[in-house]
Amino acid sequence: MSTYVYGITRSSHPALPEKADGVGDPPRPVRVITHGGVAALVSDAPENLRPKRRDLLAHQNVLGEAGEAGTVLPLRFGGVSPDDDAVLAVLREREAHYLERLTSLDGKVEYNVKAAHDEEAVLHQVLVDNPDLRALSQDHRATGGGTYEQKLALGERVAAAVKHREARDAVLVQEALEGAAVECRPGPEGTGRLVNLSFLVERDHAGAFSDAVDALRREHGHLVLQVNGPLPPYSFVE
Amino acid sequence: MTVDTRSTPGGSGGSSGLYDVLELVLDRGLVIDAFVRVSLVGIEILKVDVRVVVASVDTYLRFAEACNRLDLETGRKAPAQLTDVVDDMTESGARGKTRGALQGAAQTVSETLGRSSSRQQKKEEQEK
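Each protein sequence line maps, in turn, to chains A and B. 1 is the number of the first residue of the first sequence in the working numbering; add one for each residue after it. 1001 is the number of the first residue of the second sequence in the working numbering; add one for each residue after it.
It is worth saying that the hints were derived from the structure and are not from the lab. Computed from a predicted model, the values in this text were never measured in an experiment. Positions of the beta carbon are idealized from the N, C-alpha and C atoms, including for glycine. Please note that the accuracy of each hint is not assured.
[As the list claims (entries may be wrong)] Computed beta-carbon distance windows for the label pairs:
(1) B/R1069 to A/G221: 14 to 20 Å
(2) A/G221 to B/R1037: 14 to 20 Å
(3) A/A206 to B/S1056: 27 to 33 Å
(4) A/G70 to B/A1034: 36 to 42 Å
(5) B/V1031 to A/R168: 21 to 27 Å
(6) A/R218 to B/D1033: 55 to 61 Å
(7) A/G145 to B/V1031: 51 to 57 Å
(8) B/R1069 to A/D204: 43 to 49 Å
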């Protein structure tokens, strides 16, 4: 029976989510494998484990629960060990390293921030800032929308202006928030947002981070900010 | 790994935040060499509702039409010779074509013009 691994924490962690629902259907109960100062959160690995939503959620829930009461090094989804002994061997070999990483992340949580543009608001700004485009647009409007070719030409220029603004606003978001964080790293690559950043934040300073987000929202109404956290420090364990 | 970001919410129960977290679960976190990783083929179960600025005809048309709908108000940056512009525009609008001098028009101007041109348009449509 192979062993699914959720994360690594200290064996002194005060509230390990033992018996919590893990991956699989039915959910495999979470177990703890301990060696010296470190412990691995594991469960039996279901046959043919796939990255289904329920399994991803189970992985996150186990780590979220463990992260509430102590520091945890979250594993990426899908780490499967041949058996418990192989997990133990890893803990034995890397105990000092994991303890060092745990210490550096003590009291810190991750906040993931994604920003996108409110389309209408950003188009409005683009037109206000670009007299040429505004003139063109109002021209079209006066003639009932313009021809297909005119629309394409205008739309292409507007899209370029929006892209330019995306790059500018990506910097704006990072600069507005990194002061309230210990560290900032780019989130996974993806489309559709102008920036995706993860911030490592002192748990005790989470209020200041939220304040910075609120201020950013207030001052830049054309930004749609999506904030997720506190999370286990997924982006800060490598 | 590719996360499909084109789709809309719906089955997600409005919890797009959930998907943002799952993205981290899949793409970040510690990887231990001694362990095998589950294959991530078929990961398009992840759906995120996001707007994308893609260089495409659809985007261009959408932007152009959205710009046409925007009411550029507020009266600031009103052109110095407002009256001239109004006269010019009204005249052009009446002829069913414009010359592109609307730049910086104040709200009153664009509203008047918008109404007259849409009336004009309707009239033309009826005549067809």
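Outcome of the hint check:
Distance hint check for B/R1069 and A/G221: the Cβ-Cβ separation is about 18 Å, which falls inside the suggested range of 14 to 20 Å. A hinted range of 14 to 20 Å for the beta carbons of A/G221 and B/R1037 is inconsistent with their spacing of about 42 Å. The hint said 27 to 33 Å for the Cβ distance between A/A206 and B/S1056, and at roughly 40 Å that hint is violated. About 24 Å separates the C-beta atoms of A/G70 and B/A1034, a value inconsistent with the hinted range of 36 to 42 Å.
Taking 21 to 27 Å as the suggested C-beta distance range, the pair B/V1031 and A/R168 does not conform, at roughly 34 Å. Between A/R218 and B/D1033, the C-beta spacing of about 46 Å breaks the proposed range 55 to 61 Å. At roughly 53 Å, the beta carbons of A/G145 and B/V1031 sit within the given window of 51 to 57 Å. B/R1069 and A/D204 have their C-beta atoms about 47 Å apart, which keeps the hinted 43 to 49 Å range intact.
Against the hints set out earlier in the document, violations occur for numbers 2, 3, 4, 5 and 6.
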